[in-house]
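Protein chains in written order, with our numbering: chain A, 1 to 279; chain B, 1 to 171.
These are computed hints drawn from the structure, not numbers from a lab.
Quick reminder that beta carbons are idealized off the backbone N, C-alpha and C, glycines included.
A few of these clues could be false.
What the hints assert, rightly or not - The following label-pair restraints were derived from C-beta to C-beta distances:
{"#": "1", "chain 1": "B", "residue 1": "Leu-60", "chain 2": "A", "residue 2": "Thr-39", "range": "22 to 32 Å"}
{"#": "2", "chain 1": "B", "residue 1": "Asp-100", "chain 2": "A", "residue 2": "Val-47", "range": "55 to 65 Å"}
{"#": "3", "chain 1": "B", "residue 1": "Gly-28", "chain 2": "A", "residue 2": "Arg-53", "range": "39 to 49 Å"}
{"#": "4", "chain 1": "B", "residue 1": "Asn-95", "chain 2": "A", "residue 2": "Met-1", "range": "43 to 53 Å"}
{"#": "5", "chain 1": "A", "residue 1": "Lys-30", "chain 2": "B", "residue 2": "Phe-140", "range": "20 to 30 Å"}
{"#": "6", "chain 1": "B", "residue 1": "Phe-140", "chain 2": "A", "residue 2": "Lys-58", "range": "28 to 38 Å"}
{"#": "7", "chain 1": "B", "residue 1": "Phe-140", "chain 2": "A", "residue 2": "Arg-65", "range": "41 to 51 Å"}
{"#": "8", "chain 1": "A", "residue 1": "Arg-53", "chain 2": "B", "residue 2": "Leu-60", "range": "39 to 49 Å"}
{"#": "9", "chain 1": "B", "residue 1": "Lys-4", "chain 2": "A", "residue 2": "Ala-45", "range": "26 to 36 Å"}
{"#": "10", "chain 1": "B", "residue 1": "Val-92", "chain 2": "A", "residue 2": "Thr-22", "range": "16 to 26 Å"}
{"#": "11", "chain 1": "B", "residue 1": "Lys-4", "chain 2": "A", "residue 2": "Tyr-11", "range": "24 to 34 Å"}
{"#": "12", "chain 1": "A", "residue 1": "Val-47", "chain 2": "B", "residue 2": "Leu-88", "range": "28 to 38 Å"}
{"#": "13", "chain 1": "B", "residue 1": "Glu-97", "chain 2": "A", "residue 2": "Val-18", "range": "41 to 51 Å"}
{"#": "14", "chain 1": "A", "residue 1": "Val-18", "chain 2": "B", "residue 2": "Asn-95", "range": "18 to 28 Å"}
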Amino acid sequence: MRNLWIFISRYNAFFFFVIFFTIGIILCVKNNAYQKSITINSTNAVVGTAYERLNVIKRYLYLGRINDSLALENAQLKAALLNFKNSDSSATINVTDTLYHQQYTLYSAKVIKNSVNQRNNFITINKGSLAGIVKDMAVISPQKGVVGFVTDVSPNFAIIRSLLNKETLISVLLKKNNAFGSLVWGDKNFDIKKAFVKEIPNHYTIHVGDTIITSGAGGFPKGIEVGKVSKTQISTGDNFMTLEVDLFNDFSTLQYVYLIKDRLSNEQKNLEAKLPNEH
Amino acid sequence: MNTKVILINLFRWLLLLFVQIFLLRNIGFYNLSTPFIYTLFILVLPFNLPNLALYLLAFLTGLTVDAFYDTLGVHISACVALAFVRILFISVSLNRESIDEPEPSLGNMGFKWFALYAILCILAHHVVVFFLEAFKLSEFSYTLGRALTSTVFTFFMIVLIEFTFHNRKSV
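This is chain A alone, in the form it adopts within the complex (with noise of 0.2 Å):
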């Protein structure tokens, strides 16, 4: 302490300088605005540079998690595109036939306009005779159910006439015992979950609930289920019997479609063409 003592002592003149050269310096840059912004303004820079570097290393450090969020972004981003694939593949989709020639060919589309209120209601789609789409394609609903037939065909889109238009008549049968008969709509019914099959003969012993179906003529694959028969015993008169039938598929929120491509149905209507009865 002494020595100390006297050390000072001995270079007063420095520490006196010091003092008072600290106290002159704190004195300008205390009380003039102008060395006192450059004296702040320096400072905020080496603080923010020092910020700067702090942040770079903090950034590092936090690149794992920042790996983990952007892997499960990155998940998430996976599953919606492949449910965006599920849902709107322009693909076309092919029934895989190995013993025999495929017959089939389904191409989905999209609904982009609807009728369901007219008496003749008709669909449009975002397909047409670009993607391969061909006038009285069969046009069935992708869960259940029939939608109807491809009347027009522009480039790019194509006009179905649905089940919901007096014009349509689908070949269908009942799957317990085959009997045959026609899908109609209309005629003072204009449900657009219901439907008439005509023309079933009337002797056959048909139940409600009973599974309507198609019958595999007019491009219609044979077995897709159109509905349920809601009521029987309607009398026309005659030796045919008409009956309700419950739809399976909702023509009112109809988003997507597949249409069926035959490729036999030339060879079965030339050959139909033959038979001397034909109207």
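Model the placement of chain B on the given structure of chain A, informed by the hints.
For chain B alone, kept in the frame of chain A given last:
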């Protein structure tokens, strides 16, 4: 004797500061060279003054100049630096026991010693003044140039004053 020294110094202080504040404040060569002759007061303070008293006087002088120059702190720091250089130079160049002169004036010490002493002290003072005024190193050469030219100017004026007083005293 002591009272006389104090009175002389007080008178010198008043006179130098008066000239500095009311005359030299308005003089300058293109803002490049400004004389600060009040430094002469600290230069020729008596040898036997304690360091603390020297620093306090330097501090007070700087404070007064700052008050009129509106640059609080700049001249205080400069005068303190000047006092430090003065103590250093005297302790290096003179043997304390052999000092028989009361104060380091031109007449007492001779031109050679006084010129070196004055130039070093003034340079320290001016460098501090101009760099504290600029307060940044980006215009380093310009600031240093101002300090150097002002040193020459101040030194010239101080030597002039010293010669005047010296002659009068000796006569």
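Right, here's what the structure says about each hint:
no.	hint	verdict
1	B:Leu-60 with A:Thr-39: 22 to 32 Å	25 Å, holds
2	B:Asp-100 with A:Val-47: 55 to 65 Å	56 Å, holds
3	B:Gly-28 with A:Arg-53: 39 to 49 Å	44 Å, holds
4	B:Asn-95 with A:Met-1: 43 to 53 Å	31 Å, violated
5	A:Lys-30 with B:Phe-140: 20 to 30 Å	25 Å, holds
6	B:Phe-140 with A:Lys-58: 28 to 38 Å	36 Å, holds
7	B:Phe-140 with A:Arg-65: 41 to 51 Å	47 Å, holds
8	A:Arg-53 with B:Leu-60: 39 to 49 Å	45 Å, holds
9	B:Lys-4 with A:Ala-45: 26 to 36 Å	55 Å, violated
10	B:Val-92 with A:Thr-22: 16 to 26 Å	24 Å, holds
11	B:Lys-4 with A:Tyr-11: 24 to 34 Å	32 Å, holds
12	A:Val-47 with B:Leu-88: 28 to 38 Å	36 Å, holds
13	B:Glu-97 with A:Val-18: 41 to 51 Å	28 Å, violated
14	A:Val-18 with B:Asn-95: 18 to 28 Å	26 Å, holds
Checked against the numbered hints given earlier, the structure breaks hints 4, 9, 13 and satisfies all the rest.
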